[in-house]
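The opening position of the sequence shown corresponds to residue 55 in my numbering, with each subsequent residue numbered one higher.
Hints were generated in silico from the structure; no laboratory data involved. None of these values were measured; they are calculated from a predicted model. Possibly wrong hints are sitting among the right ones.
Unchecked claim - Calculated cross-link-like contacts (lysine-lysine; reagent style DSS-like; alpha-carbon spacing at most 25 Å):
(1) Lys158 - Lys144
(2) Lys216 - Lys164
(3) Lys112 - Lys164
(4) Lys217 - Lys164
(5) Lys158 - Lys112
(6) Lys112 - Lys179
(7) Lys207 - Lys132
(8) Lys216 - Lys132
(9) Lys158 - Lys179
(10) Lys207 - Lys217
(11) Lys144 - Lys112
(12) Lys207 - Lys158
(13) Lys132 - Lys217
(14) Lys202 - Lys179
(15) Lys202 - Lys132
Stated by the list, open to error - Label pairs and their calculated CB-CB ranges:
(16) Gln193 - Lys217: 29 to 37 Å
(17) Lys207 - Leu162: 19 to 27 Å
(18) Asp163 - Lys217: 16 to 24 Å
(19) Pro115 - Lys217: 12 to 20 Å
A virtual CB, placed ideally from N, CA and C, is assigned to each residue, including glycine.
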Amino acid sequence: MDKCRSMNTSKAAVDRPINGAEEPSTREKLNAKSRVVSEPPPTSTKDALPLLASSKTKDDPIVFPWMGIVANIPVEYKEGHTRYAIVEFKGDWSRFMNAMTFGKAFELDKHGKRDWNLERCRDDKLYAWIACHEDYYSQSLIGNYLRKNGDLKSVIQIQVEKKGEIHGCYAT
55 MDKCRSMNTS KAAVDRPING AEEPSTREKL NAKSRVVSEP PPTSTKDALP LLASSKTKDD
115 PIVFPWMGIV ANIPVEYKEG HTRYAIVEFK GDWSRFMNAM TFGKAFELDK HGKRDWNLER
175 CRDDKLYAWI ACHEDYYSQS LIGNYLRKNG DLKSVIQIQV EKKGEIHGCY AT
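Kindly generate the complete structure, drawing on both the sequences and the hints.
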């Protein structure tokens, strides 16, 4: 019987809060597991390359200056209106990281380009991705805009050009 009491006592000690702190509820524990931790953006292109969408590599061409496409925008159907919008990012490396984070956030939420292309899975939420060669060469208003306002380049090409610009500034 003493043995049982000591087991119950030790069990009770485990269940009691320590230093007046309450044990988190089951809901709080579940919310903590699914909470997204926001980290500061990477500071270099080397750190930012993992932010490229999983299907893309640093050799795959994307639209530069960086542009994102947002789809499924609710609009009243009129002539010339699409359900798409273009998000333009400046052409520097911090905006590259912002653009990649933008695209990756939608992809992780199952609202990226691949999910948009699976027509049976669409819902009423927004879908978005970073503009790439498919979008650039599409025969649509979006494709026309991308060709008029951007170029199709790989991240490596842009790195080489940016290094050349920096070295050119020092040379003159």
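Subject >> Straight-line alpha-carbon gap Lys202 to Lys179, limit 25 Å >> reply: Answer violated: Lys202 to Lys179 is near 28 Å, above 25 Å.
**OP:** Assess, step by step, whether the Cα of Lys207 is no farther than 25 Å from the Cα of Lys217, and give holds or violated.
**Re:** With a Cα-Cα distance of about 15 Å, the restraint between Lys207 and Lys217 holds, given a limit of 25 Å.
**OP:** Sort out whether Lys144 lies within 25 Å of Lys158, counting only the CA atoms.
**Re:** Given that 25 Å is the threshold and the Cα spacing comes to 18 Å, the pair holds.
Original post:
Hey, Lys158 versus Lys179, does the alpha-carbon distance stay inside 25 Å?
Top reply: holds, 16 Å
**OP:** Could you grab the alpha-carbon distance between Lys144 and Lys112 and see if it respects the 25 Å cut-off?
**Re:** holds, 18 Å
Subject >> 25 Å Cα cutoff - pair Lys216, Lys164 >> reply: violated, 33 Å
**OP:** Could you see if the CB distance from Lys207 to Leu162 stays within 19 to 27 Å?
**Re:** holds, 25 Å
Original post:
Quick one, are Lys112 and Lys179 close enough, alpha carbons at most 25 Å?
Top reply: violated, 29 Å
Subject >> Pairwise hint evaluation, Lys158 against Lys207, where the allowed Cα distance is 25 Å at most >> reply: holds, 19 Å
Subject >> Restraint status (C-alpha distance of Lys217 to Lys164 at most 25 Å) >> reply: violated, 36 Å
Subject >> Gln193 versus Lys217 beta-carbon gap, inside 29 to 37 Å or not >> reply: Roughly 35 Å apart at Cβ, these two residues keep to the hinted range, so it holds.
Subject >> Hinted pair Lys132 and Lys217, Cα distance within 25 Å >> reply: Distance of about 45 Å is beyond 25 Å: violated.
Checked against the numbered hints above, the structure violates hints 2, 4, 6, 7, 8, 13, 14, 18; every other hint is satisfied.
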